[in-house]
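Chemist: Each chain, letter by letter, is given below.
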Amino acid sequence: MTTSATRQQVLVLYLSTSALDAKVIGWSRYDGTGQTDPAAGDSDEPPYETGVEALLDGWRLFQVSPLIPPYPGTEYETSFLKHEFLFEKLV
Amino acid sequence: MTDHPGEKHLLTSVQMAHFVSHGALRMDGVVPDSLNERAIAVFDAGVPRGRDGAAVDEVFPVGSFVRELIDLPEVAGAIYSLVGPSPLIDHHAVHIRRARNGEAQPLHADAIIDTRDDAFDVQLMYYPQDVTLDMGGTLSVPGSHLRRTNETDTGRYQNLRGQTRLVCPAGTVQFLHHGIWHGGRRNDSDITRYMFKIRFNPTVRQRLLWNTEDLNDPAVLEELRTHFPWYENASGRIEYVNRTRLWRALTGDPAFDLDYWTTRVDNRPQRVLPTV
Numbered sequence: 684m685t686t687s688a689t690r691q692q693v694l695v696l697y698l699s700t701s702a703l704d705a706k707v708i709g710w711s712r713y714d715g716t717g718q719t720d721p722a723a724g725d726s727d728e729p730p731y732e733t734g735v736e737a738l739l740d741g742w743r744l745f746q747v748s749p750l751i752p753p754y755p756g757t758e759y760e761t762s763f764l765k766h767e768f769l770f771e772k773l774v
Numbered sequence: 215m216t217d218h219p220g221e222k223h224l225l226t227s228v229q230m231a232h233f234v235s236h237g238a239l240r241m242d243g244v245v246p247d248s249l250n251e252r253a254i255a256v257f258d259a260g261v262p263r264g265r266d267g268a269a270v271d272e273v274f275p276v277g278s279f280v281r282e283l284i285d286l287p288e289v290a291g292a293i294y295s296l297v298g299p300s301p302l303i304d305h306h307a308v309h310i311r312r313a314r315n316g317e318a319q320p321l322h323a324d325a326i327i328d329t330r331d332d333a334f335d336v337q338l339m340y341y342p343q344d345v346t347l348d349m350g351g352t353l354s355v356p357g358s359h360l361r362r363t364n365e366t367d368t369g370r371y372q373n374l375r376g377q378t379r380l381v382c383p384a385g386t387v388q389f390l391h392h393g394i395w396h397g398g399r400r401n402d403s404d405i406t407r408y409m410f411k412i413r414f415n416p417t418v419r420q421r422l423l424w425n426t427e428d429l430n431d432p433a434v435l436e437e438l439r440t441h442f443p444w445y446e447n448a449s450g451r452i453e454y455v456n457r458t459r460l461w462r463a464l465t466g467d468p469a470f471d472l473d474y475w476t477t478r479v480d481n482r483p484q485r486v487l488p489t490v
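From first to last, the protein sequence lines are chains A and B.
Under our numbering, the residue at position 51 of the first sequence is numbered 734, and the numbers go up by one with no gaps.
Under our numbering, the residue at position 262 of the second sequence is numbered 476, and the numbers go up by one with no gaps.
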């Protein structure tokens with residue numbers, strides 16, 4: 684257990700293209716402060732319309748999905764959401 | 215189980231197209247109160263689990279509560295349309311979300327990754343009581359059923375645009391494609407919520423089992439072309455390809471295309487011109 688007063692909040696945004704200013708299509712939150720308890724299906728409205736909106740609100744981007752070509756033979760299959768962006772706030 | 219539910223109780227082509235695009239088909243209040251009022255006592259007592267893959271007669275004999283449920287004409291008609299006669303009972307389960315239950319299931323598809331593209335299982339979900347938003351009705355993601363993911367690997371996804379947070383009247387039944395992403399939501403109410411689920415396996419080729427009188431109705435194409443707001447721009451096009459392939463399998467029409475996507479990439483002419 685850390686004794687630091689700083690805690691991390693994580694926001695995961697899924698965007699409609701690989702561009703950070705693309706539309707948000709999915710979202711998740713994790714709260715290291717313990718003050719909120721986000722869960723699956725807790726909201727129908729995204730917190731931001733685009734990834735850039737999250738930046739404007741003070742979230743720091745720390746990971747982006749790489750662009751990976753489809754494996755040969757799976758070009759017409761769909762699977763996980765492709766454009767995942769992870770943000771943090773230290774509070 | 216009823217051998218044939220009768221033509222008028224079968225699904226229409228438009229309803230089948232809805233199932234193919236959404237991976238779900240919902241029938242509000244289709245179960246009468248006379249059954250709904252008995253359901254919770256039956257579920258509290260427990261529904262004995264049969265052998266996985268057993269016949270309907272073995273798991274739900276005539277006279278049992280569940281047999282009454284699945285022999286309701288509209289329910290039997292939907293089951294027949296989706297998986298045909300004499301399906302097997304893969305498994306069944308009573309799901310109870312206690313009042314003020316603090317847990318939500320992670321978004322998942324049941325069982326394991328399933329790569330079949332010419333057959334599918336169907337899950338019947340029955341809600342015997344009114345379900346309000348804060349009771350944590352089933353979360354599902356329309357149009358996710360053709361994505362190839364394995365069980366809870368999608369657990370990181372909490373919310374997607376256009377998701378369905380089920381709110382329904384008592385007696386509602388929904389039929390879900392085996393691959394759909396779903397999960398039981400957190401119950402923030404003071405009412406314990408019940409849901410009963412049965413997974414059916416087909417035993418015949420799933421082809422034109424429904425009422426096909428409206429097969430050429432333009433509304434069929436409209437349903438098949440449904441766009442969901444959580445699709446990425448690019449992958450959303452591939453979803454059309456997957457739906458096209460499923461509709462081809464269901465109808466036996468190898469030339470069917472939703473747009474020109476599939477036809478274009480399948481075009482590999484073999485005719486060789488004579489040299490001059």
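One or more of the hints may lead you astray.
Label-pair restraints from in silico Cβ distances [what the hints assert, rightly or not]:
no.	chain 1	residue 1	chain 2	residue 2	range
1	B	PRO275	A	PRO721	52 to 60 Å
2	B	VAL479	A	LEU750	15 to 23 Å
3	B	ILE310	A	GLY756	39 to 47 Å
Derived pair list, reagent style EDC-like, types lysine to aspartate or glutamate, alpha-carbon separation capped at 20 Å [unchecked claim]:
no.	chain 1	residue 1	chain 2	residue 2
4	A	LYS706	B	ASP266
5	A	LYS765	A	ASP720
6	A	LYS706	A	GLU728
7	B	LYS411	B	GLU221
8	A	LYS765	B	ASP266
9	A	LYS706	A	GLU758
Here are some, though not all, of the chain B residues that point toward chain A, as calculated from beta-carbon distances under 7 Å [as the list claims (entries may be wrong)]:
no.	residue
10	ALA313
11	ARG314
12	ASN315
13	THR363
14	TYR371
15	ARG375
16	ARG379
17	VAL381
18	ARG451
19	ILE452
20	TYR454
21	THR458
These aren't lab readings, by the way, just hints derived from the structure by calculation.
Cβ atoms here follow ideal geometry from the backbone N, Cα and C, with glycine treated the same way.
Chemist: Enumerate the violated hints, using their earlier numbering and listing them in ascending order.
Modeler: 1, 4, 5, 7, 8, 9, 10, 11, 12, 17, 18, 20 and 21
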